[in-house]
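Chains as they are written, first to last, in my numbering: chain H, 1 to 168; chain R, 1001 to 1160; chain Z, 2001 to 2360.
Worth flagging that the hints you see were computed from the coordinates, not collected in a lab.
All of these numbers come straight from a predicted model, not from anything done at the bench.
Cβ atoms here follow ideal geometry from the backbone N, Cα and C, with glycine treated the same way.
Zero decoy hints are in this set.
According to the in silico footprint, chain Z covers these stretches of chain R (three or more CB under 8 Å from chain Z):
(1) 1029-1043
(2) 1050-1056
(3) 1075-1085
(4) 1118-1130
(5) 1135-1145
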Amino acid sequence: MGEVEHQAALGKALVQGLRVKFPDVSFREQTMPVDETVVIMPASLLIPAVKVLMDDLGIWHLSTITADVAVDSGGKAETGELIRLLYHFWCGEGVTLCVELPGLSPEVTTLTGLIPGAAYYEREIYEMFGVTFDGHPDLRPLFLPDDWNEEPPMRDSTAKAAAARGDP
Amino acid sequence: MQITEPTGVWGELGLRCANLVRSVVRWARRKSLWVLHFNSGGCNGCDIEILDSLTPRYDVERLGVLKEASPRHADVLLVTGPVTRQSRDRLRRIYEQIPEPKWVVAVGSCSCTGGVFQGGHNVIGGVDQVLPVDVYTPGCPCRPEAIIDGLLKVVGQIDG
Amino acid sequence: MSKLVVPIGPQHPLLKEPLSFRLTVEGERVTESAMRLGYVHRGIERLCQTRTYVQNIHLLERVCGICSHVHTTTYCRAVEALAGLELPPRALHLRALLCELERIHSHMLWLGVLARNVGFDTIFMYAWRDREIVLDIMEDLSGGRVSHAVNVIGGVRIDLDDAHRDTILQQLDLLEDQVEWLLGVVEHERTLQARTRGIGVLTLADVRRYCVVGPVARASGLDIDLRRDDRQAPYDQMHYEVPVHDAGDVWARTLVRVKEAVESVHLCRQILDTLPAGAVSVRAPRRIPAGEAVTRSEAPRGEVIYYVRSNGSDHPARVKIRTPTLTSLITLPDQLRDVAMADVSVVLSGVDLCIACADR
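Using the sequences and the hints given, assemble the complete structure.
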C-alpha cells in the first residue's frame, strides 16, 4: 500500500512542480492503467517540463514517444485532426507527458538536446506521422525505403483502416 | 548443355569424358548442397530454426549441407519472411550473384505467401512475387525437420 | 592515412537478419559508422489497427521470433487493463513461466551467436544443443518451439498437471547443470575474454543518456529490471537476483546474460513449486471499452513497452510498440568508434540485436 501512495506521490510532485513554476498555464491530469500519470500540456512547455522531471525529480529514462491521431473522425480524417505525442517516462512508475499538435504541419521542439536517446523515436514519428522536430540533428526517415514517395503511412490511419478492414 | 557432333576417336573420347565429369559434378552437388540464407523481412522465427538445423540435434551437415556466407559459393537460396519494399532489390541482386544452377527455397508461411503480414504498407508479399521459387516449406515458424525436408526436395530436383 | 568505406550487409554472415552498415575505416580502425534500418519493416503497428484484438495476438507474436511470448504478454496485459479484467493467479504464473523459459532460450541463443562470431564454435554448438532442452519444455507446454500462441486476452490457453510439472522439473535440473557449466566457461575461458574484454564499452553515463535498457544497461552498472521495479505479479513473490556488472564491455554483457539465464532456471522452478490451483483464464469481452493503457515488461533484451488505445470497438485504435533493441541500436555508432575491424562482429553481436523487433 505504501508503494501505491509513493507512486501517486511522484505523479503529484510533477504536477505540483509544474504548477509552481508556471502558475498561469493550465495542466490537465489523468491516469492511465497501469499506474501511469498523464499530464497534458501546451507544446511550448514540453522542454521546461522535461527539465523539471530530470532535474527536480531525477527521472531521466524516456521509454518511448508515442504518436497518435487523436480525433477518431470515422473516415473524415482531414477535418479537425490532432496529433498527440505521448512522452512515456519511467522511474519505478510511469509518468507520461502529453502534447497535442495541430494535424496540419505539426511541429514541436526536439528532445534530443536533453535526451539523446530520443533521436530514433523522433525520426520514427517524423516518417510515420509527418511531425517535424525543431532542432533535431538528423531528421531523416528511419525505417521506410528510400524510394518512399507516399504520405506518412500512419497519418490517415482511421480512414485507411476502415477501408482495409472491409468488414460487412 | 549437351556436347554434340563428336568427330573421330578423339571426339568420342571427349564426349565420354565430358559425360563422366558431368555425372561427377551432379553427384557432388547432390552430396554437398551449399545454402545461403537471406531474411527478406521475417520475424526471426524461421531464421533461428535455420540456424538450429545446423546445430547438434538436427545437424544438416551430415547431409552435406553447408551454410555459406557468400552468394557466389551457394547453390540454394533460403529466403525467410515476406519481401519488404526495401529488401526486394537486394534479394534480386543476391539471386543474380548465385551461379547457375540455383534453387530457391521459401522457408516459412510469410515467404510462401506473405502470411500474417499481408497488407502491410511496406510488404510486397511472398518470395514468388520477386523470384522463381522451387520449393515451398510452410510453417509458422518452419520446423527444422521441414527445412531439412525442403532441402531434400531440392536434392530431388537435381537432375539425374 | 587514407579513408576507406566498408559496406556491411544487409546480407552478411554476422547476423542472421538484414542490417546495413557503412563503416569508414582508417587502416584497421573504424572512425565512423552509418546504419540503415528498415529491411524488416513490415508496418505491424499499422496492421494492428486493421485487425481485431484477438487477431492481433497472432500478429504481435510475430513481431519477433525470439521473444514472441513477451510481446503478446505485454499486449494482453494492456488490453486486460482496459477491459478491467482480473487474471487468475495460475494464469499469471504460467505466463511468467513461459517468459522465463524464453529468456533462457534467448540468452543461450545469443551466447552461441557471440561464440560463433569470436570464432569459438564449440560453445556455439554446446549452447544451441542445450537450448534444445528449453525448446522441448516449451513445445510440450504449448505445441510450438518458437511461437507458442499461449496468451489469450484474459489468461492463457495451456495448463499442466502434476506429472507434467515433475517432468519439467527434471528437465530443468539437466538444464541448470548445462547453463552453469556454460557460465563456468564464460567466467574462466581466457580466449573468450581476450576477444570480448574492453570491446564495445558503454559507460553508465552513456547508458543513461541513451535510455538503454536490459542486459546492456545492467552490464554498464545500471540496476534496472522491470520484473522487480515494476512490482509485477507473480515476480513480487519470487526470490531472485538481478546480475549487474560495471565494466560495460561485451564480456560484462556475456556474464550478465548467462547469469540471468541461471537465475531464470531458478525462477522457473519457483514458479512451478508455487503454482496456484484454479482457472487459467477468465472470459474477455469482444469489444474493449474506450481508453488507453501503457504496459511494460522485461523482455530478454530489456524493457518492452506497449501503448494501446481503444475506441470501444473490437479493433484497437492505436497500438504502439517500443522494443529494447531500438535503444541499443542508437549506441552502436559510439561503440564502433575506434574499434578494430576484426572486432566489429564482436561489438555487433554483443548488444544482442534483434532487427525484427526494432523494425517491426
